[in-house]
Amino acid sequence: MDIKEYIGSGIIEAYAVGALSEAESQELEKMAAAHPEIKEVLEKAQKTLEDLSRAYAINPKPEWKNKILKAAFDKDSAKTSRINKAPKKYFSPWLVAVSIALIASLGINVTQHQSVERYEDKLLKLNLRISELEQDQQIMVTNYQLLEKNLEILRDPNTAIFAMKGVTNRDSNLRADVYWNASNQKVYLDVKKLPAPPPDKDYQLWALKDGQPIDMGVFRMLTEANTLLEVGEVPEAEAFAVTLEPKGGSVSPNLEEMYVYGTPLRAL
Amino acid sequence: MFCNYDALPVRRLQITEENLIEEFSKGNKAALSYIYDSYSAALYGIIIKIVRNEELSQDILHDVIIKIWKKRNHYNQSKGSLYTWMLNLTRNHCIDYLRSKANRNDLQNREISNFVYSLESNRKFDPQHIGLNELLKKLPEEQQQIIQLSYFEGYTQKEISEDYNIPIGTVKSRTKAALEKLRKIFNHG
Chain V
865 MDIKEYIGSG
875 IIEAYAVGAL
885 SEAESQELEK
895 MAAAHPEIKE
905 VLEKAQKTLE
915 DLSRAYAINP
925 KPEWKNKILK
935 AAFDKDSAKT
945 SRINKAPKKY
955 FSPWLVAVSI
965 ALIASLGINV
975 TQHQSVERYE
985 DKLLKLNLRI
995 SELEQDQQIM
1005 VTNYQLLEKN
1015 LEILRDPNTA
1025 IFAMKGVTNR
1035 DSNLRADVYW
1045 NASNQKVYLD
1055 VKKLPAPPPD
1065 KDYQLWALKD
1075 GQPIDMGVFR
1085 MLTEANTLLE
1095 VGEVPEAEAF
1105 AVTLEPKGGS
1115 VSPNLEEMYV
1125 YGTPLRAL
Chain U
457 MFCNYDALPV
467 RRLQITEENL
477 IEEFSKGNKA
487 ALSYIYDSYS
497 AALYGIIIKI
507 VRNEELSQDI
517 LHDVIIKIWK
527 KRNHYNQSKG
537 SLYTWMLNLT
547 RNHCIDYLRS
557 KANRNDLQNR
567 EISNFVYSLE
577 SNRKFDPQHI
587 GLNELLKKLP
597 EEQQQIIQLS
607 YFEGYTQKEI
617 SEDYNIPIGT
627 VKSRTKAALE
637 KLRKIFNHG
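So the sequence lines, in the order shown, correspond to chains V and U. Just so we're aligned, residue 865 is where the first sequence starts under the working numbering, counting upward by one. Just so we're aligned, residue 457 is where the second sequence starts under the working numbering, counting upward by one.
These are computed hints drawn from the structure, not numbers from a lab. Incorrect hints may have been included.
Where chain U lies over chain V, by a calculated footprint (3+ residues, C-beta under 8 Å) [unchecked claim]:
{"no.": "1", "segment": "881-894"}
{"no.": "2", "segment": "900-909"}
{"no.": "3", "segment": "912-924"}
{"no.": "4", "segment": "929-936"}
{"no.": "5", "segment": "1026-1036"}
Just so we're clear, the structure is a prediction, and the values are computed from it rather than from any experiment. Backbone N, C-alpha and C fix where the C-beta goes; we use that ideal spot for every residue, glycine too.
Isolated chain V (complex conformation) (with noise of 0.2 Å):
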């Protein structure tokens, strides 16, 4: 089929109003899938309407957001339950201390004569706020199994550790960490103090043995990272060296750009 006539037949806006068939519009999807001049157009097309679409807005009523938000998502819980009908064996804490929270309040709202919608309100929120608290507590679980796993490896006794300093031409507070563990030989990363590199270069780690430098790869640093960096494993190192580097890392480092050096701290 020749895609440009296609292209100029309009089916492809037809499409976008909806005005081909069932049969028609799975065709169109195939062809938009296989050909990316014609997703392109229909990207326009769409786009086209998104705009028309918005030009009719109209703002729904405040008070509705919170009556329909409740209808979707209770006929959710429905389902749910309905599927999962194993008992969970944990409650958290949260959703106890929330539940409570939530029963203490309808209980005082009741002798109140307060109205059906304040407690449908006031659900809705606590629905949020649970799933809001549920993910915190996500979060905080993952942190702590995290914190743990780091504790793990630096009380290991076969972990040894190599305190990477700042090298002569460098600033002297320049800092990053290897530990080294001399059991299963995995190397873990704790950048201290190095830095921003700038867009186009990438921090590489080298470990150093019998004078000749091993490729440990690049690393990325975000400051929001508090944790070891798996970085790989070495046999065997005498001393470990960070280099700054084109992206995306070299072959062999550039001494020139060595940024921090270190020995282990004491021998296993």
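Guided by the hints, dock chain U onto chain V, whose structure is given.
Frame of chain V, contents of chain U only:
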């Protein structure tokens, strides 16, 4: 080897345009709240434009938002934007509703546009909105008709061709011309 810290969950996620789709598909309730805040006005406007009755539009908005949430796993990013998906879901819902109602009332399918136009007079229309509402009028009449029939009333090209005695090829080329004209209008203000 490349190590990246990005995956660490260090704080609660805020819903943004960037993570909206992922969180929505995952069933994060905050995502629906975000969608409602960002898109309910556009969807409500389309509903009113199609069903032309405010009380009914309120009910339909209610049903449509529930449907969007229920069908969140059906959204396929490769077929178009989330907004386009919601718009089409909304249009189809309205059109299906009107057709079943029209059938129940033993009316002809196509007489939906005769339903009472009962928008409350206290509705706050901003002047810009009124201007834009006339947007379709900037198109030649035969193009307006095609967009009205297909996009807002759910006619297929075959039905338009048969009912209005226009060759199918012409229906398609008019649709294309209409969208191109509209696109120029949006791009040039």
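Are there three or more residues in the segment 912-924 of chain V whose C-beta lies within less than 8 Å of some C-beta in chain U?
holds (count 13)
8 Å C-beta criterion, at least three residues: is the segment 900-909 of chain V covered by chain U
holds (count 4)
Stated coverage of the segment 929-936 of chain V by chain U [criterion: 3+ residues, CB within 8 Å]
Our answer is that it holds, as 6 residues pass the Cβ test (under 8 Å) against chain U, meeting three.
Would you check chain U against the segment 881-894 of chain V, counting CB to CB pairs closer than 8 Å, and say if three or more residues qualify?
Holds: 6 residues of the segment 881-894 of chain V have a Cβ under 8 Å from chain U.
Can the segment 1026-1036 of chain V be counted as covered by chain U under the rule of three residues or more with Cβ-Cβ separation shorter than 8 Å?
violated (count 0)
Consistency with the previously given hints fails for number 5 only.
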